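S.K.: Using the hints provided, position chain W relative to the given structure of chain S.
Residues per chain are reported as follows:
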Amino acid sequence: MNAPPPAGGWGTHAVSVRYGRRLALDQVTFRVLPGQVSAVVGGDGAGRTTLLRILSGAIGAGGGMVMRPPRIQTGYLAAGSGTYPDLTVAENLAFRAAAYRIPAAVAGPRIQAYLDRAGLLAARDRLAGRLSGGMRQKLGVIAAMLHEPALLVLDEPTTGVDPVSRADLWSLITQAAAAGAAVVFATSYLDEAERAAHVLVLAEGRELAAGSPEQIVAAMPGRVVAAATRPPGPAGMRSWRRDGRWRVWMPDGAGDVPGGGAELVQPDLQDAVTVAILAREPGASPAPATSGTATSGTATGKEG
Amino acid sequence: MWAMIVKEFRQLRRDRRTLAMMIVLPVVLLVVFGYAASFDVSTIPTVVAGPAAAQAPLRAPFQVVDRAPAEGAAWAQNEVRDGHAAVAVVTGTRTVVLIDGSQLFTAKAALSALQAGRTHPTGGPAPQVRVLYNPGLKTSFIMIPGLAGVVLVFVGIIITSLGVVRERQTGTLEQLAVMPLRPRDVFLGKIVPYFAVAAADLAIVLAVGVALFGVPFRGSYAVFALGALLFLFVTLGIGVLISSVSENQGQAIQMSFMFTLPQVLLSGLIFPLSSIAVGVRWISYILPLTYFNEISRGVMLRAEPIGPLWPPLLFLALLGLVVMTLAMLRFRSYLGPAGSGGGRSDAAGAPGAAEAPDPAAAAVAESR
Numbered sequence: 001m002n003a004p005p006p007a008g009g010w011g012t013h014a015v016s017v018r019y020g021r022r023l024a025l026d027q028v029t030f031r032v033l034p035g036q037v038s039a040v041v042g043g044d045g046a047g048r049t050t051l052l053r054i055l056s057g058a059i060g061a062g063g064g065m066v067m068r069p070p071r072i073q074t075g076y077l078a079a080g081s082g083t084y085p086d087l088t089v090a091e092n093l094a095f096r097a098a099a100y101r102i103p104a105a106v107a108g109p110r111i112q113a114y115l116d117r118a119g120l121l122a123a124r125d126r127l128a129g130r131l132s133g134g135m136r137q138k139l140g141v142i143a144a145m146l147h148e149p150a151l152l153v154l155d156e157p158t159t160g161v162d163p164v165s166r167a168d169l170w171s172l173i174t175q176a177a178a179a180g181a182a183v184v185f186a187t188s189y190l191d192e193a194e195r196a197a198h199v200l201v202l203a204e205g206r207e208l209a210a211g212s213p214e215q216i217v218a219a220m221p222g223r224v225v226a227a228a229t230r231p232p233g234p235a236g237m238r239s240w241r242r243d244g245r246w247r248v249w250m251p252d253g254a255g256d257v258p259g260g261g262a263e264l265v266q267p268d269l270q271d272a273v274t275v276a277i278l279a280r281e282p283g284a285s286p287a288p289a290t291s292g293t294a295t296s297g298t299a300t301g302k303e304g
Numbered sequence: 001m002w003a004m005i006v007k008e009f010r011q012l013r014r015d016r017r018t019l020a021m022m023i024v025l026p027v028v029l030l031v032v033f034g035y036a037a038s039f040d041v042s043t044i045p046t047v048v049a050g051p052a053a054a055q056a057p058l059r060a061p062f063q064v065v066d067r068a069p070a071e072g073a074a075w076a077q078n079e080v081r082d083g084h085a086a087v088a089v090v091t092g093t094r095t096v097v098l099i100d101g102s103q104l105f106t107a108k109a110a111l112s113a114l115q116a117g118r119t120h121p122t123g124g125p126a127p128q129v130r131v132l133y134n135p136g137l138k139t140s141f142i143m144i145p146g147l148a149g150v151v152l153v154f155v156g157i158i159i160t161s162l163g164v165v166r167e168r169q170t171g172t173l174e175q176l177a178v179m180p181l182r183p184r185d186v187f188l189g190k191i192v193p194y195f196a197v198a199a200a201d202l203a204i205v206l207a208v209g210v211a212l213f214g215v216p217f218r219g220s221y222a223v224f225a226l227g228a229l230l231f232l233f234v235t236l237g238i239g240v241l242i243s244s245v246s247e248n249q250g251q252a253i254q255m256s257f258m259f260t261l262p263q264v265l266l267s268g269l270i271f272p273l274s275s276i277a278v279g280v281r282w283i284s285y286i287l288p289l290t291y292f293n294e295i296s297r298g299v300m301l302r303a304e305p306i307g308p309l310w311p312p313l314l315f316l317a318l319l320g321l322v323v324m325t326l327a328m329l330r331f332r333s334y335l336g337p338a339g340s341g342g343g344r345s346d347a348a349g350a351p352g353a354a355e356a357p358d359p360a361a362a363a364v365a366e367s368r
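Chains S and W, in that order, give the protein sequences. Number 123 in our numbering belongs to position 123 of the first sequence; there are no gaps in the numbering. Number 146 in our numbering belongs to position 146 of the second sequence; there are no gaps in the numbering.
Since the hints were made in silico from the structure, they are not lab data. Bear in mind the structure is a predicted one, so any value in this text is a computation, not a measurement. Careful, some of the hints might be misleading.
Claimed, not checked - Ranges of calculated distance between the beta carbons of each label pair, as one might list FRET restraints: (1) S/126 <-> W/12: 36 to 44 Å; (2) S/20 <-> W/20: 21 to 29 Å; (3) S/218 <-> W/12: 55 to 63 Å.
Claimed, not checked - Which chain W residues face chain S? A few, computed with CB under 7 Å, are given here: (4) 26; (5) 169; (6) 173; (7) 174; (8) 177; (9) 181; (10) 183; (11) 324.
Note that the Cβ used here is the ideal one computed from N, Cα and C, for glycine as well.
Extracted from the complex, chain S is given alone in its bound form (with noise of 0.2 Å):
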């Protein structure tokens, strides 16, 4: 039986995280939620993964508070699939099954299923250093799943992965959701964080924004017009190129853009992390679309 989360869930509380003279976290809050999927989002050195460390228990917070399952009941996928390419892919989920001290009744059942359910049941008698980045990928989600955790915790689960092992590892981590695990993954792909029910934006290890997709749309401060080429002067700060356009970000919400021929967008979460990164620039206003402070950033002008 898996521990039950505190009220509030599992996660952290103002826990600040130090890498010699760097400041990887400072301060961070994060919540996630039994049953629910949380994207944690960033570009690099945002402090991603040194989160998901924290959350997995494979590092200690410098200050705060972390709240997360034992770690019988804590599954973690770190970048890279965590497996032994020179073992097979049965061999490596029994190595985590004995780990995990799943009984041998359950195991040899349970991994079967999940090798089904991940489409690997052909390849488990294959090295794992001969999968391909999917299956390997793959096989290090079912491998950090297999003993059902309370808390899965998946660094980049599916980053250089094809389209449709991204959607067979979806499968996963949702079906994990959906048996009552708190989900946290860690991805620089915004579109899959806008499946997530709450998603966390980091930038130089400080809150920039959080909450659900749709509330980290609504806060954001401003509008964003999309317009043929990049406009000149202070606006061309505040663009990036994105669907073959240009994005310009209006922080008051008002005005025309230069050189005219831009049209209003429905911003989406994409649109909402990249003006949260811009409005960390000094002067530039009104504040940030949440909760989330900010030091500096040079996000302007983007070609994303």
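M.R.: This is chain W only, laid out in the frame that chain S set:
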């Protein structure tokens, strides 16, 4: 081409271990071969027994370490067996010279000195010479007990260091760190297979040595096993230590090589310890293989009992304890948090917590 040269130099400059190996290793080899590598035996520790023991005029290369006029042949032979002397001279009606054949080059030097007539131990008629333990002075008799140690060094240090560092390279170490396994279990789980393989290797080497080369095994299997166990304890610990400070398998091999080479060259396996220059010989006495050689040759060839072998056994036990403790501590930090927390993040991670009767109590609320 110039770009390639510059790039290689830049990479080499940052790979300090390889650079150190390229510079240090030739110097080490030069010192070892220049000062240490010698088959020439200039002094032979000798005991003299029997009624004329006090007067027996022994000259170089024989160096008298004890004279016992009241003792006889049995005492003299025990002195040789227990490694206190390489040669024993028993005076009496006819002088008998006992030579320890398990010290091959020393025995050859003693025979050579006696046959050249430079030294007649008692100054009288030519003595009766008996070469003990290895009468044919076969090289295989002394090499195979020593090679058994080399096998243990190879498996214990090189293979073990590769096995552990592989976890780091494949990214599975972090996975192990979050599993409900105690560091001690992971540590033992990693080294027990290598221990078993090394033990099997040792048995094979000994079986082949005895069956194919006719090397005798005259002593106690239990004493030999104890020596091998302690020695393996040390080598496995060194292997884990190396792996814990290596980023990849290449570095692990480099460091293992740095540990293995001196053992092969300076442990008395090839060159007699007494022939190694004093300035370098101290290194021999901190190498575990030196002590294992002493045990394996003593037990296999001379049927040496455990009594006189306690110093090497004790040394290996102490060294093993130190090395294994360091290895275990390194391994714990290796598996533990690298974050700013400074300590393992969870009492919660311990299996005990996971098994707590109240699952809610088992959950972690870690506050700092």
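S.K.: For each hint, tell me whether it holds in the structure or not.
M.R.: Hints versus structure:
For residue 126 of chain S and residue 12 of chain W, the hinted distance range of 36 to 44 Å is satisfied, since their beta carbons lie about 39 Å from each other. At roughly 25 Å, the beta-carbon separation of residue 20 of chain S and residue 20 of chain W lies within the given 21 to 29 Å, and the hint holds. A hinted range of 55 to 63 Å holds for the C-beta pair residue 218 of chain S and residue 12 of chain W, which are about 56 Å apart. For residue 26 of chain W, the shortest C-beta to C-beta distance to chain S is roughly 36 Å, which exceeds 7 Å, and the interface hint is violated.
With a least beta-carbon distance of about 10 Å to chain S, the hint placing residue 169 of chain W at the interface is violated under the 7 Å criterion. Interface restraint check for residue 173 of chain W: the shortest CB-CB distance to chain S comes to about 9 Å, outside 7 Å, so the restraint is violated. The beta carbon of residue 174 of chain W is positioned within 7 Å of a beta carbon in chain S (closest approach about 5 Å), and the interface hint is therefore held. Interface hint at residue 177 of chain W: satisfied, since its Cβ lies 5 Å from the closest Cβ of chain S, which is below the 7 Å cut-off.
With its C-beta approaching chain S no nearer than about 6 Å, residue 181 of chain W sits inside the 7 Å limit, and its interface hint holds. For residue 183 of chain W, the suggested interface contact is broken, since its CB lies about 12 Å from the closest CB of chain S, more than 7 Å. Against a cut-off of 7 Å between C-beta atoms, the interface hint on residue 324 of chain W is violated, since the closest Cβ of chain S lies about 24 Å away.
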